[in-house]
Every structure is written in C-alpha cells, then in structure tokens.
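For the sequence shown, this note's numbering begins at 125 and goes up steadily by one.
Treat the hints with caution; some may be incorrect.
Mimicking PhoX-like on lysine-lysine, the simulated pairs with C-alpha atoms at most 25 Å apart in a straight line are [said to hold, decoys possible]:
hint, residue 1, residue 2
1, 393, 639
2, 706, 393
3, 493, 150
4, 150, 706
5, 483, 493
6, 706, 483
Just so you know, the hints here were simulated from the structure itself, not pulled from any lab data.
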Amino acid sequence: MEVSNIEYLVIVGYLLLIIVVGFVFKRFSSNTDDYFKGGSKGTWWLVGSSAFMSAFSAWTFTGAAGIAYESGFSAMFIFFGNVLGFFVNFLFMGPWLRQMRVTTFPEAIAGRFGETTRDFYAYYEVPVRILYSAMALYGLGIFCSAVFGYDINYVILVCGVVVLLYSATGGRWAVMATDFLQGLILVPLTLIVAWLCLDALGGIESLFQEIEAQGLTEQYSMVNSATLFGGAYTWGWASAMMAKQFIVFNSMNAAPRYFSVKDGREARKAALLCTVLMLLGSVIWFLPPITARLLYPDIVSAFDISKPAEASYAVASISLLPIGLVGLIVVAILSATMSSMDTGLNTNVAILIKDIYPKMSRLLRWEAKAEMELLHYGRVLTWCMGVLIILLALYFAQQDGSGIFDIMLKVGTLLSMPITIPLMLGMFIRQTPWWAALFSIACALTFSSFAYFEVPLSYIGFSSQYSNNFEWSFQQQFFGVLGTGTFGFLISTLFAPPAQSGHRQMVDNFLTKMKTPIDFEQEVGQGNDLSQLTLIGRFGLAVTAFIGLMLLIPNPLEGRIVILVLALTIGFISTLMLRAGKGFDKSGNGQARLSQ
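Construct the entire structure; sequences and hints are all you get.
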C-alpha cells in the first residue's frame, strides 16, 4: 500500500523525537542502579505504561490481527490472558516482585534457589533474549517490507539503531520515558481507528448483522468447535492460552517490570494501569482486522505474503485514517516492537553486569571496578548487544523465506515455559532442595522435546491406529509441559532439607523479604517525581504540536476532526502532567500528592 511523503516525514519526526528523549534522560543515570532500574524511583504511571508497552510487540497488529481476520473474536483470548496476569499482579504479585529488592531476576533466583540455579538462568537468558529481539526485528522488517513496500534491511537498520541510541544513552529511564510517549500515541490512536471501523460498518449492531450476512457467525464465535481451524480456538486452546499468560506474568522472570517502581503500593497501581489498558486493547485491537474481512477482503487477499490476513490491521487503518495519521499507524506498529526490544536489551545488559561479570571477575582475578566504570561498561555492552541483534536480524533477512522465523518462534514457545514454571512455584512452595528448579526444567524439557520433534505417540507407549499420524496441538503441548514441570518440582519436595539447614533458612529469608513492604525514604531516598512529570509532560506537548501541524494537510473535514481529537487528547494528558508537576513543586510534599 502506498505511503505518501507526508507519512515519511511523520515517521522520521517521531524517530528523532525518541532519540532526543534518550539524550535528555541521560542525566538521570549516575550509577548502575539508575541505568538498569531507574534507581527504583519510577512513578506508577511511568513504570505501568512501560510494562504495558513491553507486554506486546508488532505481532499484535500482524500475527494476532491475522488470527482475528480468520476467526474473529477468538483472538481476544490471547490478550485476556495478559489481563488476568496483570490483574493478579495488582492483587498481590506486583508488590512481591518489587519487594525482592534486586536489580536482575537472576539475583532473586540466587536468593530462592542458590547460586548454581542463578548461573544457569543468567547464561541461558542472554543468548535467548538476543535471539528473541533479533526475531522480533526481523518479523517487523518482513511485515513492513510486504505491506508498505519498505526495504527490509532499512527497516531493521533504522529501528535497531534508534532503539540502540536511546537505550544505550539513557538506560532504563530513557526506556520508560519512550515507552510512555509511545503509549501516549498508540492508545488514543488505536481507539480512533476502532471508532472509525465501527463508523464505517454502521455501529455495533451493524457489525454483527454483517458478520451474519457474510456467513461468518460460526467462525467468529468466541469459542469454536474442534472441527474448525485445526482444533484451535476451542475451550482447551483458550484455557491453555490464559494459563500460559498467567504463569508468564506471575513468575520471577517477570519481576524486572516492577524493579523500577518506588515501592509495593506503586507496583499495585502500575499493575492496575496495565490491567485497564490491556483490557481496553484486547477489545479494540481486533475490530480493524474484522472490519477488513467484512469491507476490504479483496485488498487483503491481494498481498503477496505467506499470510495476507496479517496485513488486515494495516489495510483497515490506511483505508480509514486521514492523511498524516497513516504515518502514526506505522509508528504504532514500529513502537510495539521497539518497546519490547528496548526493555529486553536493558534487562540483558543488567544480567551481564550484575550476574555474569562479577563471577568472571572473581574467576579471572580482575581488579574490582568502581561504580562509574561499571556504568560505562553497561553503555558499551548495550552498544555491542544492540549491534549483535541488528546483525542477526539482517542475517535472517538474507535467508530465503521466513522459515527460520517460524522455527525460532516454535522453539521459543517450547523452551520458555519449562524455565518459567519453577520460577512461579518457587514463590509459593518453600520446602524444596536447591536443585528443585533444575529438575523441574529437565522434566518439562523432556516432554517439550517430544512435542517439538512431533514424536508419534506409539514411540512413548501409546498404541493406536492414529498415533503415527498424531500432531501435537498447542494446548496439548502446553499442558504437557506444565504437567511434567510441575510434577518434577513437587517430587523434589520429598528431598527437601530440614528446616534448620542453611538452604531452608536462605529460602525463608528470601520469602520474608519478598513479603515485607518497602520504606521508600529509608531504603531508596528522595524521589524525582517532579522531574518525571515535567520532562515527559513537555515531550507530550511537543508531540501534541507535531500532530497539530497535520491540520495544515489537505484533508476532508472528518479527517481534520480526527487529527484534532488525537492532538487534544495527548495535549490534555500532557497538560495535566505539567499542572500536577507544578502542584508538586509548590506543595513540598510531592510523593504524598502523587500517591493521592
């Protein structure tokens, strides 16, 4: 689909803005704690918006949109799982994760399972996160190349370099600030797109009438029968998807999203914000692909990509949005991947500096480094890691087809869950030996190996005429991995050392600390809430002015109204932030006012 020169200017302007954000927030980082977790001074709205943006990628507007195009409302279950995960964070898990009082999640693992398990997770996470980031960047390049006609290599280079510039410069503060600004654009913009879709269809009642008229009622049911879509989108699939996301969002490896927040109370607010935003997104993000199926099926099917349905969100947006805002839809799709990539990059370098480097330093008898030197190393490693991710994504782009991408996604699905299960169970079951997590992982990986290589059931003891042709469904893979991993963890409790042992005392101390509220003034010190409000509020007003200039672009009256509504929405939120900042400054009691 053709994108005008005006849209290119919008995209370039946005990318330059977030690079500037990185340089402005550089002064917030004076040590490694600031660089990797914002010194644990992040306000709930800043940390919450960053956690929300990092919880999804461009796949939401491509792969998930393709699912919604084909199966309708079933796709909502994917993000209902995220809503459930964040809601449990709000109830109690968010404060627990923040109260671990660490910088990286392998540090927390050391307190719960010991140093051997910590080393395993630290060395495992670094290459896997590099691979995931490269795949996300590669997938984004494939989509933008096929739908908008961009050169895939340029997309990878530009997006990768932009993320690298602000992440390496400003660290965690820049990551959170850019995530907030990306969310400030993405949420109201996708709301407008959803409203335009309903308006084009004639309202909600007309939407369902059109679904029925086109004979899609059965396909677009929330829960489908096993005869459709190869057994996907059934109750079994929906329950597996919900359970998977619940575990992912409520285990120790999810903890970094709350390390930056001030205390447990603020963590709960951040989680509640994520819950509300994700619930909103799970309802509105799938209206455009459904609209594309009902109104623009010929345009979607004309795309020469492996799954044309994955272009449905872009088709509906470009067909309905006025000139100027199409560039912002491209920005929304780019930012969805960039926000998850920058968080992963920052977390990965934190593991290198805080978990791996100290061990190597002692092993090789290196001289101890001062805090400022470690901060410098953190920035250098961020550059190295980012360049490696870009080169790996470019390598994938040179291969024929997207087979590597599909294979890596499958590997990731079957490898991520086995290591996540013990990290959730370990926060509730304390009577375990030091090797409980490793044994649980071994049991789950054994099953996932059978599922990945699609070993026939007859090979593992089942005799059936269908066993040799059996294909593992998603829900069978998931519940099999969950069952074997949980079984391994529970079996290990039979070998738990006595309560008086050093290991059990270590576990008791960790769990006690995890449930002990944080005294921010005593443990962290003075906050910088005013600076967060005023700086990001000013950037928000800059975004408002930028979008306001689009009113000068020739558009029908309806198009100008849409642009005006978006500009006023962002401007209103930014003005509220600046006014709150002034109230902070005058009151002399900023922390109390923000909590209210």
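Original post:
Looking at the structure, which of the earlier hints fail to hold?
Top reply: The structure breaks only hint 6.
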